[in-house]
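Novice: The lines below spell out each chain.
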Amino acid sequence: MSAPIIRVEELTVSLNTDDHQRNIIDSISFDMFPKEIMGLVGESGSGKTMTALSIMQLLPKTIKICGGSIWYEDKDLLKMTSREIRTIRGNKIAMIFQNPRMALNPLMRVGDQIARAVCLHCEVSSEKSKSMAVELMSQVGIPDAESRARSYPHQLSGGMAQRVLIAMMLACKPKLLIADEPTTGLDVTIQAQIFKLIKEIQSEIGVAVLLITHDFGVVSEVCDRVGVMYAGQIMEISSVIDVFTNPKHPYTQRLLKSILRVDRKSDLDTNKALSPISAVFDSPGCRFASQCDCVRPECLWERPKIYTDSPGHSVYCFNYSRDNK
Amino acid sequence: MEPLLRVKDLHKHYKDGRYTVHAVNGVNFDIFPGEAVGLVGESGCGKSTTARCILMLEQPTHGKIIFKNQDLAAMSEHPLRSWRRFFQIVFQDPNESLNPRFNVKRTLKEPLFLHGLYQDSHQLGELMKRVTLEIEHLERYPHQLSGGQKQRVGIARAISTSPDFVVLDEPTSSLDMSLRIHILSLLRRLQREMNMAYLFISHDLSTVHNLCNRVLVMYLGRIIEMGTSEDVFNNPQHIYTRALLSAIPIPDPAIKRKRILLQGETPNSRDIEVGCSLQKRCPYVRQECSFPVPYTDLGKRHLVACVLAGSEIINGS
Numbered sequence: 001m002s003a004p005i006i007r008v009e010e011l012t013v014s015l016n017t018d019d020h021q022r023n024i025i026d027s028i029s030f031d032m033f034p035k036e037i038m039g040l041v042g043e044s045g046s047g048k049t050m051t052a053l054s055i056m057q058l059l060p061k062t063i064k065i066c067g068g069s070i071w072y073e074d075k076d077l078l079k080m081t082s083r084e085i086r087t088i089r090g091n092k093i094a095m096i097f098q099n100p101r102m103a104l105n106p107l108m109r110v111g112d113q114i115a116r117a118v119c120l121h122c123e124v125s126s127e128k129s130k131s132m133a134v135e136l137m138s139q140v141g142i143p144d145a146e147s148r149a150r151s152y153p154h155q156l157s158g159g160m161a162q163r164v165l166i167a168m169m170l171a172c173k174p175k176l177l178i179a180d181e182p183t184t185g186l187d188v189t190i191q192a193q194i195f196k197l198i199k200e201i202q203s204e205i206g207v208a209v210l211l212i213t214h215d216f217g218v219v220s221e222v223c224d225r226v227g228v229m230y231a232g233q234i235m236e237i238s239s240v241i242d243v244f245t246n247p248k249h250p251y252t253q254r255l256l257k258s259i260l261r262v263d264r265k266s267d268l269d270t271n272k273a274l275s276p277i278s279a280v281f282d283s284p285g286c287r288f289a290s291q292c293d294c295v296r297p298e299c300l301w302e303r304p305k306i307y308t309d310s311p312g313h314s315v316y317c318f319n320y321s322r323d324n325k
Numbered sequence: 001m002e003p004l005l006r007v008k009d010l011h012k013h014y015k016d017g018r019y020t021v022h023a024v025n026g027v028n029f030d031i032f033p034g035e036a037v038g039l040v041g042e043s044g045c046g047k048s049t050t051a052r053c054i055l056m057l058e059q060p061t062h063g064k065i066i067f068k069n070q071d072l073a074a075m076s077e078h079p080l081r082s083w084r085r086f087f088q089i090v091f092q093d094p095n096e097s098l099n100p101r102f103n104v105k106r107t108l109k110e111p112l113f114l115h116g117l118y119q120d121s122h123q124l125g126e127l128m129k130r131v132t133l134e135i136e137h138l139e140r141y142p143h144q145l146s147g148g149q150k151q152r153v154g155i156a157r158a159i160s161t162s163p164d165f166v167v168l169d170e171p172t173s174s175l176d177m178s179l180r181i182h183i184l185s186l187l188r189r190l191q192r193e194m195n196m197a198y199l200f201i202s203h204d205l206s207t208v209h210n211l212c213n214r215v216l217v218m219y220l221g222r223i224i225e226m227g228t229s230e231d232v233f234n235n236p237q238h239i240y241t242r243a244l245l246s247a248i249p250i251p252d253p254a255i256k257r258k259r260i261l262l263q264g265e266t267p268n269s270r271d272i273e274v275g276c277s278l279q280k281r282c283p284y285v286r287q288e289c290s291f292p293v294p295y296t297d298l299g300k301r302h303l304v305a306c307v308l309a310g311s312e313i314i315n316g317s
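Chains as they are written, first to last, in my numbering: chain A, 1 to 325; chain B, 1 to 317.
Extracted from the complex, chain A is given alone in its bound form (with noise of 0.2 Å):
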């Protein structure tokens, strides 16, 4: 396998409030590759949008990255200086938000704002990045690009404000995009229309893409790998196929049966509800051992390793360590 474009080491990342601080992120590493689709899933408060945040380097204020390090390239993402950051934010690493409209300048037509961008990393002229501009729009599947090149974002409909964060995204040939649940909030008509063209981008241009989502539909259908993030700490890392046939973790298993088919009915009643993920950040070791039915007393307060099942399948539990079994 050829070297990873970007490599996550131990990244710890913690919210400080006045008394007390909170790693919502607890050292976790991972390895993106070339024109591969992973997938980052978890419940709401898992830490996905700050892992991709953390990468971008746009945290809030208030939260700190403080540990670890976050590789491109050789060099670690963490001690660059701002200058040297934005030669990568939008040049290299892209991201595309969850409410597309919120992400767009309201007061600018969307057709100037994709030129914007393409004036500051291509070096052309401005009226060369104008019809760029409206170029990349007919590329993303923006119909009648011209004319729509010079509407408000508030007259678009939510699909096209993401083909528009799209068109401003590829202005650049990025190596990674990081999509932060491109479609909520957009229909699912319109999520497989966006996602047909996520996938068709990345093929074309050969970009990886880390996509965050909460559905495992998505998943199946769009990534190869994913990981599966449960209150700021990996559980999980494997190929799709591998996550559905064959989940190891006890939090990925008691996921994937709470998830409803359309294609099918489930039952609804065996499931437990899981406990808020808040009440769970303390914890020194295994954040899901609270709730776990395989709980062992060394959960509770050690750190699991991590267990490598088969190449590019690993599970942080203590359960498949060698020592246990």
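For the record, the hints were derived by calculation from the structure and aren't laboratory data.
In this text, all values refer to a predicted model and were calculated from it rather than measured experimentally.
A hint or two may mislead.
[Stated by the list, open to error] In silico DSSO-like pairs for lysine-lysine, Cα to Cα no more than 27 Å straight-line:
| id | chain 1 | residue 1 | chain 2 | residue 2 |
| --- | --- | --- | --- | --- |
| 1 | B | Lys258 | A | Lys265 |
| 2 | A | Lys196 | B | Lys129 |
| 3 | A | Lys196 | B | Lys258 |
| 4 | B | Lys256 | A | Lys196 |
| 5 | B | Lys105 | B | Lys68 |
| 6 | B | Lys258 | A | Lys199 |
| 7 | A | Lys35 | B | Lys258 |
| 8 | B | Lys68 | B | Lys300 |
| 9 | A | Lys92 | A | Lys61 |
| 10 | B | Lys258 | A | Lys257 |
| 11 | A | Lys199 | B | Lys256 |
| 12 | A | Lys265 | B | Lys8 |
| 13 | A | Lys92 | A | Lys130 |
| 14 | B | Lys300 | A | Lys265 |
| 15 | A | Lys75 | A | Lys61 |
| 16 | B | Lys256 | A | Lys257 |
| 17 | A | Lys79 | A | Lys61 |
| 18 | A | Lys35 | A | Lys257 |
| 19 | B | Lys64 | B | Lys8 |
| 20 | B | Lys256 | A | Lys35 |
With the hints as your guide, set chain B onto chain A.
Specialist: Okay, now just chain B, sitting in the frame of chain A:
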């Protein structure tokens, strides 16, 4: 069996400057006692407006809402108020539908007081137990409760007056997967215990499939297909229903499906056309589609407003 609720030719139009927005455009259906009916469709199709008209939170522009043989649409405000204890609603976002200054006790007491049903605090304890909340939660305020607990308070408030009919307006869309299934199983248990009829509004077809006996599919203010869950989900006959179902990702990498992609986006409900509302987006559009399309009955009250319903073209696609 006599239907509990009959909606007859319901229309709701809004004026928007020069235009008229046809939010609901001739909707007919019945709901029988104790059944769960799903109302599905994409955003802007008129699901919530239909529900709000049924509950008389909006005055319908035209049409009858016959609940227990009384036309609610023709009723004046005063008698309507006493009828409200029989039909209730659970809203989508508990953060916005619970009063932040009321503790749970006051929230639950209010409807009971209004309808003269309040006896003692023991009654509230019973209600809390019904929705699997603890007695000590009665003293809490909404901000002290988790999302799932808040939604359960919303459910407790709706069932407190022992209604016959409850509208559930996307009650699980703000919840995480593991909680969603828990709330759905609670709703189903309550329905059986109290013999309530549900109108479950959702754009999430998988939850509807798991909770409802019957499904209504709405598009641009009209019901384009209705039938039992089995018929609509396993044998959809309208192109729109088929496209909608095929767009939902299935969490199983072993399943590969052919997707029907509709062209473009849902049009504005201002420019309502004669004939099928899908005609501009449908890949199988033909001449007959520009005339009003009657329902085809495929048996067992499986009604489809499509000229191709039951034909080879649909079943081969």
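Novice: Decide if the proposed pair is consistent with the structure: Lys196 of chain A and Lys129 of chain B, CA atoms, cutoff 27 Å inclusive.
Specialist: violated, 47 Å
Novice: Could you grab the alpha-carbon distance between Lys64 of chain B and Lys8 of chain B and see if it respects the 27 Å cut-off?
Specialist: Holds, at about 5 Å.
Novice: Does the alpha-carbon distance linking Lys265 of chain A and Lys8 of chain B stay inside the 27 Å limit?
Specialist: The hint is violated at about 31 Å.
Novice: Straight-line Cα separation of Lys258 of chain B and Lys199 of chain A no greater than 27 Å?
Specialist: holds, 16 Å
Novice: Taking 27 Å as the top limit, are the C-alpha atoms of Lys105 of chain B and Lys68 of chain B close enough?
Specialist: Distance ~31 Å between Lys105 of chain B and Lys68 of chain B Cα, so the pair is violated.
Novice: Hinted pair, alpha-carbon criterion (27 Å max): Lys196 of chain A, Lys258 of chain B. Please report holds or violated.
Specialist: It holds: about 13 Å lies between the C-alpha atoms, which stays within 27 Å.
Novice: Keeping to a limit of 27 Å between CA atoms, is the pair of Lys35 of chain A and Lys258 of chain B held or broken?
Specialist: holds, 25 Å
Novice: Below or equal to 27 Å on CA atoms is what counts here, so check Lys92 of chain A against Lys130 of chain A.
Specialist: Answer holds: Lys92 of chain A to Lys130 of chain A is near 21 Å, not above 27 Å.
Novice: For a C-alpha distance cap of 27 Å, please report whether Lys258 of chain B and Lys257 of chain A respect it.
Specialist: holds, 26 Å
Novice: For Lys300 of chain B and Lys265 of chain A, compute the direct alpha-carbon distance and say whether it is at most 27 Å.
Specialist: holds, 20 Å
Novice: Does the structure keep Lys199 of chain A and Lys256 of chain B at a Cα separation of 27 Å or less?
Specialist: Judged against 27 Å, a Cα distance of about 16 Å means the pair holds.
Novice: Check the hint pairing Lys79 of chain A with Lys61 of chain A against an upper bound of 27 Å on the C-alpha distance.
Specialist: holds, 17 Å
The structure shown violates the earlier hints numbered 2, 5, 12 and 18.
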